[in-house]
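**Student:** Listed below, chain by chain, are the residues.
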Amino acid sequence: MIYWGGNPAECHPRHFTKYTIMQKGKYTQNGRKDRTMVLVDIRETPSAKAANLFLQIRPGKDFELITALRALIKGQRVNEDAVNETGLPLSKLEELVAKMKAARFGVIFFGMGLSMTRGKHMNSAAVLMLAAEMNAFTKFVAMPMRGHGNVTGADVVMRYTTGYPFGVNLCRGYPRFNPGEFSTVDLLVRGDVDACLVLGADPGATMPQPGIDHLAKIPTIVLDPKVTHTSRLARVHITTAATGVSAPGTVYRMDEIPLPLRPALKSPYPTDEEVVRRIREAVKRRPAWLPGRNGKAVM
Amino acid sequence: MTLNIVKNATCTFCGCVCDDIELHAEGEKIVETKRACSLGESWFKHHTAERLFPDALIDGHPATVDDAIERAADYLVAADMPLVYGLSNVTCETQREAVSLAEMVGGVIDSHTSL
Ligand code: SF4
Numbered sequence: 001m002i003y004w005g006g007n008p009a010e011c012h013p014r015h016f017t018k019y020t021i022m023q024k025g026k027y028t029q030n031g032r033k034d035r036t037m038v039l040v041d042i043r044e045t046p047s048a049k050a051a052n053l054f055l056q057i058r059p060g061k062d063f064e065l066i067t068a069l070r071a072l073i074k075g076q077r078v079n080e081d082a083v084n085e086t087g088l089p090l091s092k093l094e095e096l097v098a099k100m101k102a103a104r105f106g107v108i109f110f111g112m113g114l115s116m117t118r119g120k121h122m123n124s125a126a127v128l129m130l131a132a133e134m135n136a137f138t139k140f141v142a143m144p145m146r147g148h149g150n151v152t153g154a155d156v157v158m159r160y161t162t163g164y165p166f167g168v169n170l171c172r173g174y175p176r177f178n179p180g181e182f183s184t185v186d187l188l189v190r191g192d193v194d195a196c197l198v199l200g201a202d203p204g205a206t207m208p209q210p211g212i213d214h215l216a217k218i219p220t221i222v223l224d225p226k227v228t229h230t231s232r233l234a235r236v237h238i239t240t241a242a243t244g245v246s247a248p249g250t251v252y253r254m255d256e257i258p259l260p261l262r263p264a265l266k267s268p269y270p271t272d273e274e275v276v277r278r279i280r281e282a283v284k285r286r287p288a289w290l291p292g293r294n295g296k297a298v299m
Numbered sequence: 001m002t003l004n005i006v007k008n009a010t011c012t013f014c015g016c017v018c019d020d021i022e023l024h025a026e027g028e029k030i031v032e033t034k035r036a037c038s039l040g041e042s043w044f045k046h047h048t049a050e051r052l053f054p055d056a057l058i059d060g061h062p063a064t065v066d067d068a069i070e071r072a073a074d075y076l077v078a079a080d081m082p083l084v085y086g087l088s089n090v091t092c093e094t095q096r097e098a099v100s101l102a103e104m105v106g107g108v109i110d111s112h113t114s115l
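As you go down the protein sequences, you meet chains A and B in turn.
For the first sequence, position 239 (counting from the first letter as 1) is numbered 239 according to the working numbering, and the numbering increases by one without interruption.
For the second sequence, position 75 (counting from the first letter as 1) is numbered 75 according to the working numbering, and the numbering increases by one without interruption.
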């Protein structure tokens, strides 16, 4: 298994022990001993200790490295100077390719170090291509290391309700998808949207400043268990119960397995689900802004 | 105070979503988080059921949830292109409600994935 641009030892502490290298499987009776773990990252994080092979690459060279690997697995010649640019000698790449091909079942877990650096979506696309092409030799998959809580669930729910995983524009009454145009950062930085409902996130702490400025300008509504940075610049804040601690429901694990929550506490606040439903009902009571809308499908 | 033990509870702090955690809750606090890692432990212990914040705020002033919901609906209906954003720390049930709301107000819906 290959971890690329992630630091599971610190960010997903139980990933190793619970799901990947330590577990015993039908074909990996000896657990860790039967597995090979490779870590690709720009610096030596604590995760490197767990790896059989650690490849330290130059920042921003992920795409180049993936492209070189894709060529190597197909036995094509690559330019050695171009490979050296990535910070790794060709021999290391060949070693990695040999390990990948020798695997009975390979997996690439890619983290934010890959998908948030130079190349962004293109890097993720390249990793997925690499995994797909490896299937000519052995079973190989790729999976993103998802961050907080239920982002995976958001993808899944939007996929089965709208057909697209994120950044879905429903302005025309049917879904349109175009990352870069309808993604939050772009919408906010360009100042396209004129109201915002924020739930289960704190963009006031994470967005680029122009985006935050725009959030402060327009009516922003925040649902959160706490008064967050975003709440402070919002017009409306509603305190809700904390998901998983005092609010029940379903969440998706990063491999898209839905799991039920078993809350241990009873919150004095309503759940997000209840508040969103009540906002929806309140919207329904208001006059439609387009004829035939407000819950009735536009034909 | 009675100890409320929840077996196989689910931690939602990181994408691992470990579902084998044993929580011991005492009153409004979680006091013990068996099998959770250090991140998960602080996440569970950090969230209590105490009433630490006002129910709702409108323009920074305490308000009732009912008023806040009406105000939220006003803003969303009045907007030409509202955005529903976040969705990471909420349940799938909430996400479905949010998609339906976004459709109704003719807006954009987006999650952390796009960042
Ligand atoms: S217990 Fe740790 S590894 Fe498991 S979901 Fe919680 S934070 Fe992640």
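Be a bit skeptical, because a hint or two may be false.
Capping the alpha-carbon separation at 27 Å, the derived lysine-lysine pairs in BS3-like fashion look like this [what the hints assert, rightly or not]:
1) A/K49 with A/K74
2) B/K45 with A/K120
3) A/K139 with A/K217
4) A/K101 with B/K29
5) A/K33 with A/K92
6) B/K34 with A/K49
7) B/K29 with A/K24
8) A/K284 with B/K34
9) A/K33 with B/K29
10) B/K34 with A/K18
11) A/K18 with B/K45
12) A/K24 with B/K34
13) B/K29 with A/K226
14) A/K226 with B/K45
15) A/K139 with A/K33
16) A/K266 with B/K45
17) B/K7 with A/K139
It is worth saying that the hints were derived from the structure and are not from the lab.
None of these values were measured; they are calculated from a predicted model.
**Student:** Against the earlier hints, flag every one the structure doesn't satisfy and list their numbers going up.
**Tutor:** 1, 2, 3, 4, 7, 8, 9, 17
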